[in-house]
Amino acid sequence: MNQERLLQVILAPVVSEKSTLVSEKNQQVVFRVASDATKPEIKAAVEMLFNVKVDGVSTVNVKGKVKRFGRTFGRRKDWKKAYVSLVAGQEIDLTATAAE
Amino acid sequence: MQAQLETLSNLERRMNIALPMAAIDAQVTERLKNMARKAKIQGFRPGKAPLKIVEMNYGAQVREEVLGEQVQQGFYKAVSEQKLRVAGYPRFEPVANEGDKDSFKFAASFEVYPEVKVGELVGKEVEKPVVVVTEAEIDKTIDILRKQRTRYERVEREAATGDRVIIDFKGSIDGVLFDGGSAENFPFVLGQGQMLADFEAGVTGMKEDEVKNITVVFPEDYHGKDVAGKTAVFEITVKNVAAATLPEVNEEFAKLLGIADGDIEKMRAEIKKNVEREVKRRLQASIKENVMQALLDVTEIELPKALVQLEVGRLIEQARRDMESRGLKVKEMPFPPELFQQQAERRVALGLILAEVVAENKLEAKPEQIKAMIEEFAESYEHPEEVVQWYYASPERIEGPTSMVLEDNVVEFVLGKANVVEKEMSFDALMGNNA
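As you go down the protein sequences, you meet chains F and P in turn.
According to the UniProt record's numbering, the stretch in the first sequence is residues 1 to 100, in order.
According to the UniProt record's numbering, the stretch in the second sequence is residues 1 to 435, in order.
Because the hints were derived from the structure by calculation, they are not lab data.
Honestly, I wouldn't trust all of these hints.
With a cut-off of at most 27 angstroms between alpha-carbon atoms, the simulated BS3-like pairs for lysine-lysine come out as follows [claimed, not checked]: (1) P:105 - F:80; (2) P:266 - P:288; (3) F:81 - P:417.
Which chain P residues face chain F? A few, computed with CB under 8 angstroms, are given here [what the hints assert, rightly or not]: (4) 40; (5) 44; (6) 47; (7) 51.
Partner residues are not named here, just some residues of chain F that face chain P (Cβ under 8 angstroms, in silico) [said to hold, decoys possible]: (8) 17; (9) 22; (10) 23; (11) 26.
Predicted model, so just to flag it, every value in this text is computed and none were measured.
All C-beta atoms in this analysis are idealised placements derived from N, C-alpha and C, irrespective of residue type, glycine included.
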């Protein structure tokens, strides 16, 4: 897998109640990733960017909401969310990386 | 908390204060916790965001707030511990902290009130003007009153000095009408220099309904730039000539002045009372001025710059409002602070000296003095009781008379000590008029 591709895979961390919950409970970190990213790609990308060992990756395709403006219907983009489980003892400090 | 005081100059001080970092941190956390209970952050229901996220969002801001407060508090605590009297506002600046992680250091520069040593007043000469109100002065005042009530009656004779004329005029230069050179039904009184001398001379001697052309040469320094130095021809139509009559000093005149039964003696007495009150007021003002000057002369004092600065600001503000109320455009007007510097310095110095004199000699204003002062004010109004009540209605209104009583007390005190030189002064000089 070439490095250029890996840099494009991870878009942003997901900061929400659920993401903080799973990070405390299962050592998982949640990212928004490119829609066409595969699990092996995500694993490689996280390992490279954050210098951690990844145990496994689960992904979910989030359907964009259907929004209405007057009579016209619009659709938000679908996006892919990845739950990345870290090997026990590994950690990503998102507050620090977010500030970078 | 540790505080060190440095003396920079006579009045300037610098305080180095170190605050324990732990206390600051504790307070920051405390505040964040409070905040977290209500904080609304994207991705979380209100109040459900973990402390870490809240800190990420608001940490810096809260820290700044806490620091600001702690610095203020620390400073004032140190000041009260060391019994300093701070003049004006302090200036805070952080101090670079070498290796010491447990405390936050800052320096506060400020000025203290100077020690006021009021100099020796005994032997100091203070001029005290004396003015006697005589019958002549009252006559003069009555004359002025009469002039104010001059009546004009239409006459069919040639206009003479002192008459009021109503005219139409058209002015032209080289046969062309010029701006501002024409008017209709324009009234003016001859012989008072209201118009150019040539113009007045031309009108003098004209009768009602007469038409005449006169030539007027505008002086070189005439305020209208366009016409200055030029020769203009005015076509003048006299509409009305009225002779002035001064009211006789009689019952009617007295009634005009508000003496109900028209008693002339009473009127004179009333006028005398008014004149005397005015004279007294002005005398007092001038004595006060002299006394203040004497106090300034004998006292050496170094003024805190901060206070002078504040006073300058206040004076500028006052001047600005003053001009605004006179309908001037203030916004474009510059107010150079240097203009007010001297006045401000004087006022600050006097304020400090007065406070010192009052405190040292126990010259506080007593309630009965204030009452007397207000009653004196009220005397010149139509309904004195109402005025008195108005003053007592709110504490701010009493402040004016109170400070005046204070000043009077100081004046009296100084006069008691100093070498008072009485000086005769003419009535006119005191009133500042030449009428």
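We went through each hint and held it up to the structure:
1. P:105 - F:80: 50 angstroms, violated
2. P:266 - P:288: 33 angstroms, violated
3. F:81 - P:417: Not OK: residue 81 of chain F and residue 417 of chain P at ~92 angstroms, beyond 27 angstroms, violated.
4. 40: 13 angstroms, violated
5. 44: 5 angstroms, holds
6. 47: 11 angstroms, violated
7. 51: Check failed: Cβ of residue 51 of chain P comes no nearer than 11 angstroms to chain F, outside 8 angstroms.
8. 17: 5 angstroms, holds
9. 22: Interface hint status for residue 22 of chain F: violated (13 angstroms vs cutoff 8 angstroms).
10. 23: Constraint on residue 23 of chain F not satisfied, violated at 10 angstroms.
11. 26: At about 16 angstroms, which exceeds the 8 angstroms cut-off, the nearest Cβ of chain P leaves the hint on residue 26 of chain F violated.
Violated hints, listed in ascending order, are 1, 2, 3, 4, 6, 7, 9, 10 and 11; each of the other numbered hints is respected by the structure.
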